[in-house]
Amino acid sequence: MASRDRKPGTLPRIAAFFAVLALAAGAATPAETPVSVELGVAVASNDGSRIDPQLANIRAKLKAMFDYTSYRMLDRRKRTLAVGETGEFGLPGGRSMRVTPVPSAANKVRLAVQIREGQRNLLTTTLGLSRGGMVLVGGPSYQNGVLILIISAD
Amino acid sequence: MDCAKAVKLIEALIDGRLPPREAAEVREHVDGCPSCGAEEESLRRVGALLRLWTSARAAEGAGLDAMWTRVAAGIEERRGERRLAAIARKWLWIPAAAALAVFTLLFYSPDGARAPFRPKSFDVSVESLESDTATLALVDKGEDLPRVIWIIEDGKS
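In the order they appear, the protein sequences are chains A and B.
Oh and the first sequence: position 71 is 91 in my numbering, straight run, nothing missing.
Oh and the second sequence: position 132 is 1124 in my numbering, straight run, nothing missing.
No lab work stands behind these hints, which were simulated from the structure alone.
Note that the Cβ used here is the ideal one computed from N, Cα and C, for glycine as well.
Be aware that a few hints might be false.
[Stated by the list, open to error] Below, computed lysine-lysine pairings styled on DSS-like, alpha-carbon distance capped at 27 Å:
(1) A:Lys-83 <-> B:Lys-1082
(2) A:Lys-128 <-> B:Lys-1133
(3) B:Lys-1133 <-> A:Lys-83
(4) A:Lys-81 <-> B:Lys-1112
(5) A:Lys-81 <-> B:Lys-1133
(6) A:Lys-98 <-> A:Lys-81
(7) B:Lys-1112 <-> A:Lys-98
[Unchecked claim] Some but not every residue of chain A turned toward chain B, in silico, with C-beta under 10 Å:
(8) Thr-106
(9) Arg-130
(10) Ser-150
[As the list claims (entries may be wrong)] Among the chain B residues that face chain A by a calculated CB cut under 8 Å, a handful are:
(11) Pro-1108
(12) Arg-1110
(13) Lys-1112
(14) Thr-1125
(15) Leu-1137
Build out the structure end to end from the sequences listed, making use of the hints.
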């Protein structure tokens, strides 16, 4: 019979092959999941003491991180991007931010981020976030304060 | 005056229909005659009973009138309610739709722009940081606080 001609260990090898294939497929799936990128643009200053209600949940965090008394939301946008797709967000002061999701492990999001001011490259970075995670980018001056970019991904 | 004539005139006396002179004569006889006095007393009682009965019927009639007024008012009220219900059924969708529209405009936003930020995590890894024209600082004050990339523009801040 044919089974008698099969070399010893063939079946375990085939099983292992399919197991590796399944694992690879499982690992590849999250990387293909579109990423919802949300950008909040706030201006932080010492003019007054008003904190935008949209920042109510992170008010204490902002106060712990920065030395500003007022936080005002200027803009807030959300885009869903496929891995490898670049989304561009306009920023105040002639600046712009480009975000590209790059392949990542399960339950993680990796974003390639570039912030430009005209032709000048202000920042190029790659961030790894948990889904639903948040990171802040700040510093560029605007009006009487500085811009704070609130980047989150899900 | 004898009893036969007096008895015929007692009722007229009670009703005040006799001329004063005749009334005085009948009164004089009745006051002096126990039989005619008893007849007068009897007629007066019957008269009182008749007046009571008449007034009771009159009160009953007033009660019926009042009851009918209430019934009529109730019927009219029910008619009014039915009219209002019909109008409400016909036009209620307008304020309901307006309220829904206002609610939607106030609370719905396609990108959740009005809802407060609700970060699930501040766990961020920064794989690379580059800038052509600025100095960059990575601020990390612990897991409970967000990571911050601070851009210090040369010559500005």
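Going through the hints against the structure:
no., hint, result
1, A:Lys-83 <-> B:Lys-1082, "violated (55 Å)"
2, A:Lys-128 <-> B:Lys-1133, "holds (22 Å)"
3, B:Lys-1133 <-> A:Lys-83, "holds (12 Å)"
4, A:Lys-81 <-> B:Lys-1112, "holds (13 Å)"
5, A:Lys-81 <-> B:Lys-1133, "holds (10 Å)"
6, A:Lys-98 <-> A:Lys-81, "holds (22 Å)"
7, B:Lys-1112 <-> A:Lys-98, "holds (17 Å)"
8, Thr-106, "violated (17 Å)"
9, Arg-130, "holds (8 Å)"
10, Ser-150, "holds (4 Å)"
11, Pro-1108, "holds (5 Å)"
12, Arg-1110, "holds (6 Å)"
13, Lys-1112, "holds (3 Å)"
14, Thr-1125, "holds (5 Å)"
15, Leu-1137, "holds (5 Å)"
Figure legend: structure checked against the earlier numbered hints; hints not met, in rising order: 1, 8.
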